[in-house]
Amino acid sequence: MAERSFAHEIGKLRLGSGQEFRGEGILAVTKALLQSGVGYVGGYQGAPISHLMDVLSDAQELLEELGVHFEASASEAAAAAMLAASVNYPIRGAVTWKSTVGTNVASDALANVASGGVTGGALIIIGEDYGEGSSIMQERSHAFAMKSQIWLLDPRPNLESIVDMVERGFELSEASHTPVMLELRIRACHVYGSFMARDNRRPPFTLQDALNSPTRDVTRIVLPPANYAHEHEKINQRWPAAIDYIRRNKLNELMGGRTGEVGIIVQGGLYNTLIRALELLGLADPTGETDLPLYVLNVTYPLIEEEIIDFCTGKKAVLIVEEGQPEFIEQALNTILRNADMPTRVIGKAVLPRAGEYTGEVLQRGVRAFLRAHDPQRLGGAHALAPEGPQQPPKEIQALAGLLPPRPAGFCTGCPERPIFTAMKLLQRELGPLHISCDIGCHLFSILPPFNLGNTTMGYGLGWAGASAFNKPGKKRALAVMGDGGFWHNGLTSGVGNAVFNQSDNVLVIVDNGYSAATGGQDILSSRAHNRSKSTRHPIAEAVRGVGVKWLRVIDRTYDVGRMRDVLREAMTTPEKGPKVVLAASECMLNRQRRERPAFNKAVASGMRMVRERFGVDPDTCTGDHSCIRLSGCPSLTIRPNPDPLRQDPIAHVENSCVGCGVCGEVAHAAVLCPSFYRAQIIFNATRFDRFLSGLRRRVIEFLQRRAERRRLRYAF
Amino acid sequence: MPSELPQTTPSSVTRPIRIAIAALGGQGGGVLADWLVAVAELNGWIVQSTSVPGVAQRTGTTVYYVEMSPKPRPGERRPVFALMPVPGDVDLVVAAELMEAGRTLVRGLVTPERTTVVASTHRVYGITEKSAMGNGIIDSSAVFAALNASARRLICFDMEALANEHNSVISSVLFGAIAASGVLPFPRSLYERAISDSGVAVKTNLAGFAAGFEKAQRRSTAQASAPAGTAPTTELGRAFTERIEREFPAHLRGLIQEGVKRLLDYQDAEYATLYLDRLREIRDRDRSVAAGADHALTGAVARYLALWMSYEDTIRVADLKTRAQRFRRVRDEVRAAPDQIVYMTEFMHPRFEEVCETLPASLGRRLLASSRARRMMAPFLRKGRQVNTAHLSGFLVLYAVAGLRRWRRSTLRYQIEQERINEWLAAIRSMASTPDGYDAALEIAECQRLVRGYSDTHERGLKNYRTVMEAAQRYAGRRDLADIIKRLRNAALADEEGNRLRAALKELEPADEPRLATA
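Protein sequence lines, in the order shown, are assigned to chains Y and S. As numbered in my numbering, residues 1 to 717 make up the first sequence, in order. As numbered in my numbering, residues 718 to 1236 make up the second sequence, in order.
Any given hint could turn out to be false.
[As the list claims (entries may be wrong)] DSS-like mimics (lysine-lysine), calculated; alpha carbons at most 25 Å apart, straight line:
| id | chain 1 | residue 1 | chain 2 | residue 2 |
| --- | --- | --- | --- | --- |
| 1 | Y | 550 | Y | 577 |
| 2 | Y | 12 | S | 788 |
| 3 | Y | 602 | S | 920 |
[To be verified] Restraint ranges, calculated between C-beta atoms of paired labels, are given here:
| id | chain 1 | residue 1 | chain 2 | residue 2 | range |
| --- | --- | --- | --- | --- | --- |
| 4 | S | 1214 | Y | 706 | 45 to 51 Å |
| 5 | Y | 713 | S | 1114 | 20 to 26 Å |
| 6 | Y | 452 | S | 1079 | 57 to 63 Å |
| 7 | S | 962 | Y | 643 | 24 to 30 Å |
| 8 | S | 947 | Y | 598 | 45 to 51 Å |
| 9 | S | 910 | Y | 212 | 52 to 58 Å |
| 10 | Y | 532 | S | 793 | 44 to 50 Å |
| 11 | S | 910 | Y | 537 | 51 to 57 Å |
| 12 | Y | 713 | S | 1102 | 38 to 44 Å |
| 13 | S | 907 | Y | 384 | 33 to 39 Å |
| 14 | Y | 542 | S | 1085 | 22 to 28 Å |
| 15 | S | 910 | Y | 60 | 31 to 37 Å |
Note that these hints are calculated values from the structure, not bench results. Glycine included, every Cβ here is placed at the ideal spot set by N, Cα and C.
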């Protein structure tokens, strides 16, 4: 994180007993880790948990004071493997990532650590990227918890509950020798709230203690015969221990009324949304006070049979509010009640949608349908605040839906990745359509307008592997894209090594912008910036050559669209066989601006001569065809109504947010577009020589301009 | 049994205030949410905010959601704040762009019973609007209509412009408008303290806030009026104005005046006279057919003929680029301070064709046909040229090219364009005089829109134009000819690759035999 500072957030991590913490959910979790005496933290950045990683990366001093080891892991698998430190020693450890994608990557190590079990508390904090705003496939992390027997916490989304559950999670893990997952949905990660802080704690047993006097226990290692024993241990010892801890400490909560023939079982994370739905149905007040019995599952795996049976006793039916699919909890409830020979009906997906986020509106409909069928009096007696949906919106609003412009995510102003795809688009004009295998990262925006490039994406770092089947001689080669983040995550082996070993004849473009940009601009191995606590500046080119790539072209200024296109053409058409790599390297503009803009302003303020560049469009030569926009998509390159009374189509226009990256000019050249673009150089604090020269130029130019003006005046209207 | 159930009593607990903020990535929606949190806390309230930034941080839409309520008294329970807005349950909707305001309507967040809407009316165009080959801008009147119909109270004006006026950002103006809306029971001073406490760009943000506050209190009135036609200032102008008034219907005079002005600026009085002569022939056609009562064809040709006659050749581009007025405009556009020096660099890419076309016609034609000349010139024209117009070297070259204007009539390009214009006018005239052909003639006139831009873009446009014109001839006599031309023209403007145009042409083919006009 060379370009951002989190000093303000670190201050919050230092709060002590009796002080109020105010801030975001994920930062509260970070604070809770330190309060719990965590010994080490690792993880891989990604929305919505990036903030945890970013802040700790910047908090070296604090971590050193507390004796906590922090690692920005190479991947989620590397992070999960870190939990090995809690297998033999009573050290608490926490790892974090975006789920389910990160959990997919981590599951090898997770399965191992879950099999052998842990001594110190092992907590996995997963940012569940599901529902609105999610950028990944819609799946549940719940399945991972079940398959490896990892306990799953899903606390009510307020800071107090979340922070409490971090502490409880460690205790549960230690009591049952089982790793524990803490699941936080996106909104809970970003929720601003408060809780009363406690003092941070140094871990009682440190990593140094462990290193100085190591212990080992062969029965913790997954190899016969221990692996068979582990399965029995899970069922016979760890499971009952967990049930016992959860019951004794009342991690699940009974809320609402105690009587009535129906009740609701809800995942903790959905509690607030459920309460709002009940409030709108007239069944709860704004504080959540309700007569409906509620059983809130802050632990969604394992389920506590006794609590469920108690809750369901005397009830005709219960509604289970469980987001996502498959409906694991609903199935388990049915099994539990059937085994106990209870007649209570379990209603879940029958009244709630199988797929999609459970919003307040969705829950309102579901609860209404549930009560209508199983407790109509209760529904009839309530004064609903919201009218019964789904209502048809008025006609003028329905018409709007089709009218509003879509807002796909796109490259930032001045992004160095844009010209790479401009070049690809220009190359396609020559070679025809290409098969392009994409990766995860900002560059995946190429699949959207205005570029519309790319066929598939198979996962982080898997861009080239995703093209590996197309290693067949033909008229065209397959083209793959991979970012520097994906490259170091696993692409070096799964993509580049794989292509070398299998003698691929395809082409890979590595987009090297110097950061893990899409996740917030974190430093990686090949970052060019100096990083106090990490080792950077390990060039990708060396790694690529190191695994045996012979054909490598490095472009260190992607803004040169013409050159970019020429090199891509060469890669796609050269008779040379074997894997071909084009390394397209230019710094992420967002991060560059974070560093350069303040420096520029400071220099200007101190009176230094500085030159700012930006682009513009001459409105009288722009004919409104917008070819330039179709080859760029830059947010600062937009349109505006044509000032010309004769022309009707809007003209291109460059906003003042332009950072002068140069792509507009390069595109105008490479694509032989139009002469409307100009690059303006604005000289701040001009020197005397500047003034002299500019004065000289101006005098001549203005003389000639006046002459031309006089000539034109002959034909003035 | 059911009678035993106690009914939930209506609570005495205050209902939290619900606020949804719709913004685009980079518009500062997060800052606004932070200020709202701060103002609530300064007032001793409890507050929660959340958002789903995700990948929307780049150019997508983000909704921030804030709930707040008075601090519960000791012994009272805290309200349970929700993490997302529920349709029909939002008190205040804030939108930092007009279409995003529209999106909150579609999401059902705005309801007449409850919701005050504070929205900026400016537009941030979507990529589909921007990249359209013609005019892709969405008509926003539908959004205004729906906002007026749906909001309990609507405060909307161009907050982006106001923010720019005060050198601030849109979130400060929105914040001011929120304060003025009175939805939140906080005094103005508290809002200002929230801004001051944040410590970032305090002065300009307070200015933006104040401007937003004041503007929101005033009823904003729409004041769009058509600019009045200009009176001539010279003898020449008066002579042309007289002729226009004598020969053309009153409602077209403003447009034709613009055409004359353009061609005077482009070339000279003779050229503007040629424009009016050409236009008069179209007017005659209008007068000779019943359909031409309101001179629709003259109107259309007046516009497109002026545009075509002022085709963008190298001389024109050099002329426009070197004008003093353009130098001033660039300074304005890049917001240069008076003491700053501004230089501009142009990106020119003249091809062999452009060079030949600027030469005298016979020479140009011979060169154009000579592959040897093309080869010899190739090294000089392979790469684009960067010309620094505010340096003498660059300026003098462009100035010299602009000076070729005197000899424009002898250039190859002039000859080519005049031939094309005459063909086009002939096609319009002959189409207008066929029975039922008037509408088709109108459509042909509008096909000039296809031909524009420079080099490759111009060539592509010309090719499309020819394709449409050929089709117009091929299907002459069909009753739906006007519709066919319009469809083809729109298809040509739909994509660069010409896929839609090809598809549209194919669609027409099988229908060749039936539906032939009886005439």
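Practice prompt. If any of the earlier hints don't hold here, list their numbers in rising order.
Written response: 6, 11, 12, 14
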